[in-house]
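Can you build the whole structure from these sequences, using the hints too?
2 protein chains.
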Amino acid sequence: MFSNEEKASIYKVIEKRRDIRSFLSTPIQEEKIERILKAAHHAPSVGFMQPWNFILITSDDVKERLAWAADKERRALAIHYEGEKETKFLGLKIEGLKEAPLTICVTCDPTRGGAHVLGRNSIPETDMLSTACAIQNMWLAACAEGLALGWVSFYKKNDVRDILDIPPHIDPIALLSIGYTDDYPEKPILEQENWRKRESLEHLIFKNKWNEQR
Amino acid sequence: MFSNEEKASIYKVIEKRRDIRSFLSTPIQEEKIERILKAAHHAPSVGFMQPWNFILITSDDVKERLAWAADKERRALAIHYEGEKETKFLGLKIEGLKEAPLTICVTCDPTRGGAHVLGRNSIPETDMLSTACAIQNMWLAACAEGLALGWVSFYKKNDVRDILDIPPHIDPIALLSIGYTDDYPEKPILEQENWRKRESLEHLIFKNKWNEQR
Chain U
0 MFSNEEKASI YKVIEKRRDI RSFLSTPIQE EKIERILKAA HHAPSVGFMQ
50 PWNFILITSD DVKERLAWAA DKERRALAIH YEGEKETKFL GLKIEGLKEA
100 PLTICVTCDP TRGGAHVLGR NSIPETDMLS TACAIQNMWL AACAEGLALG
150 WVSFYKKNDV RDILDIPPHI DPIALLSIGY TDDYPEKPIL EQENWRKRES
200 LEHLIFKNKW NEQR
Chain S
0 MFSNEEKASI YKVIEKRRDI RSFLSTPIQE EKIERILKAA HHAPSVGFMQ
50 PWNFILITSD DVKERLAWAA DKERRALAIH YEGEKETKFL GLKIEGLKEA
100 PLTICVTCDP TRGGAHVLGR NSIPETDMLS TACAIQNMWL AACAEGLALG
150 WVSFYKKNDV RDILDIPPHI DPIALLSIGY TDDYPEKPIL EQENWRKRES
200 LEHLIFKNKW NEQR
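Here the protein sequences come in this chain order: U and S. Each residue of the first sequence is one higher than the one before, counting from 0 in numbering that gives the first Met the number 0. Each residue of the second sequence is one higher than the one before, counting from 0 in numbering that gives the first Met the number 0.
A portion of the hints provided could be inaccurate.
[What the hints assert, rightly or not] Straight-line alpha carbon distances no greater than 30 Å define the calculated DSBU-like cross-link-like pairs of lysine-lysine that follow:
#1 K6(U) to K186(U)
#2 K71(S) to K37(U)
#3 K6(U) to K31(S)
#4 K97(S) to K31(U)
#5 K97(S) to K196(U)
#6 K186(U) to K186(S)
#7 K186(U) to K15(S)
#8 K31(S) to K15(U)
#9 K155(U) to K206(S)
#10 K71(U) to K206(S)
#11 K186(S) to K15(U)
#12 K84(S) to K6(S)
#13 K206(U) to K84(S)
#14 K37(S) to K84(S)
#15 K11(S) to K155(S)
#16 K6(U) to K208(S)
#17 K6(S) to K156(S)
#18 K11(S) to K208(U)
#19 K208(S) to K155(U)
#20 K31(U) to K156(S)
#21 K37(U) to K11(S)
#22 K155(S) to K37(U)
#23 K6(S) to K37(U)
#24 K206(U) to K208(S)
#25 K71(U) to K208(U)
#26 K37(U) to K206(S)
#27 K206(U) to K155(S)
#28 K31(U) to K186(S)
#29 K208(S) to K208(U)
#30 K15(U) to K31(U)
#31 K196(U) to K87(U)
#32 K208(U) to K71(S)
#33 K155(U) to K71(U)
#34 K156(S) to K156(U)
In short, the hints are calculated from the structure, not lab data.
Okay, structure coming up:
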């Protein structure tokens, strides 16, 4: 059972967690890294397959190469957008990849647990969803530890596989920059910059069928 | 900043959260449902697209039809497995779908935010990953509220679309049974039943590249 204080802490971390793009070079205590990885490992997974791996990247050389792959993708995306504004945000993330003392590549192994994992047999992408739950646990834990985390999701997966020697069947789901920051916003950056508003929750809720308001 | 007590609460809920299969008929207080939905809505999302919707199902008739769809899938899966054991677990989940006072269908709308959502443009499945983060937030919040939650992930998506009138482009990511339970296990049920062990975390962690142990 959870006391009111415990509940309040849990809601607090859920609301305070932000996607961060700028980091200090301050090193991260080892025990904090262990705790956030343990939090990730306690995520739910379909058929208890635990499909995740965590590649901890501290080498400046490897970080540079990941930043190169993300920057290549940013430049390709710039062609699809009309202006500078759209890819400015992505540029900040690339700087973050270089600044943060630690980058974690979280991967998903669809073969873990054999050919017919319970549940995954019906909906194959449930392995990726499990990995996302692990990332969310890690993100909340990082926030609780006073650490900032930024999720980079623009790269060609094969570039990241090449750089990190990841086998072809393994899915590099996310690059997470982690470190301390002196720029921790109250609101999501894209909301703050009037890029997009938070949707009204009430409009997203239906009753017994699609489009039926409560 | 988070105090040690606050941090401990956050790690506690991450470790206590379980996937539950049996529910009491005890109704859930409205304010708890609102809080867990708000927790879901505070998940991160790629390009702040907030692709989720929540269909709250309390109608016994609709629950029966969802249980029918899951049972059809369970019977189909039974043909792929050799024995009874494999689909016994799935059978429990179907009972849970009928027992729980509330089922929430969480969906993902890949069109929300337009054609070129930042980040999703590079890796399209990031919308689903965002939705999984929302589910994880909801699950932790439910656990904090003393509620049990079970994720059902075996059904044909078109069956669920038919039953809930969901448009073809919307992805029904999960059926979540929610309620109180008198059977809340310490360990994951599949671990408890020796179905599968928890992996050694240390073996899942690499340093700077794939397969490089720390």
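Cross-check of the supplied hints:
A threshold of 30 Å between alpha carbons decides the hint, and for K6(U) with K186(U) the separation of about 21 Å falls inside it, so the pair holds. Under the criterion of a C-alpha separation no larger than 30 Å, the hint pairing K71(S) with K37(U) is inconsistent with the structure, at around 37 Å. Taken as a hint, the K6(U) and K31(S) pair is honoured in the structure, with Cα atoms around 11 Å apart against an allowance of 30 Å. As the CA atoms of K97(S) and K31(U) are separated by approximately 42 Å, the hinted pair breaks the 30 Å bound.
Straight-line distance between C-alpha atoms of K97(S) and K196(U) comes to about 37 Å, which puts the hinted pair past the 30 Å bound. Distance check on the hinted pair: K186(U) and K186(S) sit about 36 Å apart at the alpha-carbon level, beyond 30 Å; violated. In summary, the hint linking K186(U) to K15(S) is supported, as the alpha carbons are separated by about 29 Å, within the 30 Å threshold. With a C-alpha separation of about 20 Å, the suggested pair K31(S) and K15(U) falls inside the 30 Å cut-off, and the hint holds.
For a cut-off of 30 Å, the pair hint linking K155(U) to K206(S) stands: about 21 Å separates their Cα positions. Taking the CA atoms of K71(U) and K206(S), the gap is near 24 Å; set against the 30 Å cutoff, the hint holds. About 29 Å separates the Cα atoms of K186(S) and K15(U), which keeps this hinted pair within 30 Å; it holds. For a cut-off of 30 Å, the pair hint linking K84(S) to K6(S) is broken: about 39 Å separates their Cα positions.
About 35 Å separates the Cα atoms of K206(U) and K84(S), which puts this hinted pair outside 30 Å; it is violated. A distance of roughly 38 Å separates the Cα atoms of K37(S) and K84(S); the hinted pair therefore is violated under the 30 Å criterion. Of the supplied pair hints, the one linking K11(S) and K155(S) is violated, its CA atoms being roughly 35 Å apart against a limit of 30 Å. Proximity of K6(U) to K208(S) is assessed by CA-CA distance (about 38 Å); at most 30 Å being required, the pair is judged violated.
Between K6(S) and K156(S) the alpha-carbon distance is near 38 Å, which puts this suggested pair outside the 30 Å criterion. Of the supplied pair hints, the one linking K11(S) and K208(U) is violated, its CA atoms being roughly 35 Å apart against a limit of 30 Å. With a CA separation close to 17 Å, the supplied pair K208(S) and K155(U) stays within the 30 Å bound. A hinted pair counts as satisfied when its Cα atoms are at most 30 Å apart, and K31(U) with K156(S) does not qualify at roughly 40 Å.
Using a Cα cut-off of 30 Å, the hinted pair K37(U) and K11(S) holds, with the two alpha carbons roughly 12 Å apart. Simply put, K155(S) and K37(U) have alpha-carbon atoms about 33 Å apart, too far for the 30 Å limit, and the pair is violated. Pair hint K6(S) plus K37(U) holds up; C-alpha atoms about 14 Å apart against a cutoff of 30 Å. A distance of roughly 47 Å separates the Cα atoms of K206(U) and K208(S); the hinted pair therefore is violated under the 30 Å criterion.
Under the criterion of a C-alpha separation no larger than 30 Å, the hint pairing K71(U) with K208(U) is inconsistent with the structure, at around 43 Å. At roughly 16 Å between alpha-carbon atoms, K37(U) and K206(S) fall within 30 Å of each other, so this suggested pair holds. In summary, the hint linking K206(U) to K155(S) is supported, as the alpha carbons are separated by about 21 Å, within the 30 Å threshold. About 24 Å separates the Cα atoms of K31(U) and K186(S), which keeps this hinted pair within 30 Å; it holds.
Pair hint K208(S) plus K208(U) does not hold up; C-alpha atoms about 47 Å apart against a cutoff of 30 Å. Of the pairs offered as hints, the one joining K15(U) and K31(U) holds, with about 18 Å between alpha carbons and a cut-off of 30 Å not exceeded. A hinted pair counts as satisfied when its Cα atoms are at most 30 Å apart, and K196(U) with K87(U) qualifies at roughly 18 Å. Taken as a hint, the K208(U) and K71(S) pair is honoured in the structure, with Cα atoms around 21 Å apart against an allowance of 30 Å.
A threshold of 30 Å between alpha carbons decides the hint, and for K155(U) with K71(U) the separation of about 9 Å falls inside it, so the pair holds. Only pairs whose Cα atoms come within 30 Å are accepted, and K156(S) paired with K156(U) is accepted, the gap being roughly 27 Å.
Hints 2, 4, 5, 6, 12, 13, 14, 15, 16, 17, 18, 20, 22, 24, 25, 29, counting from the list given before, are not met by this structure.
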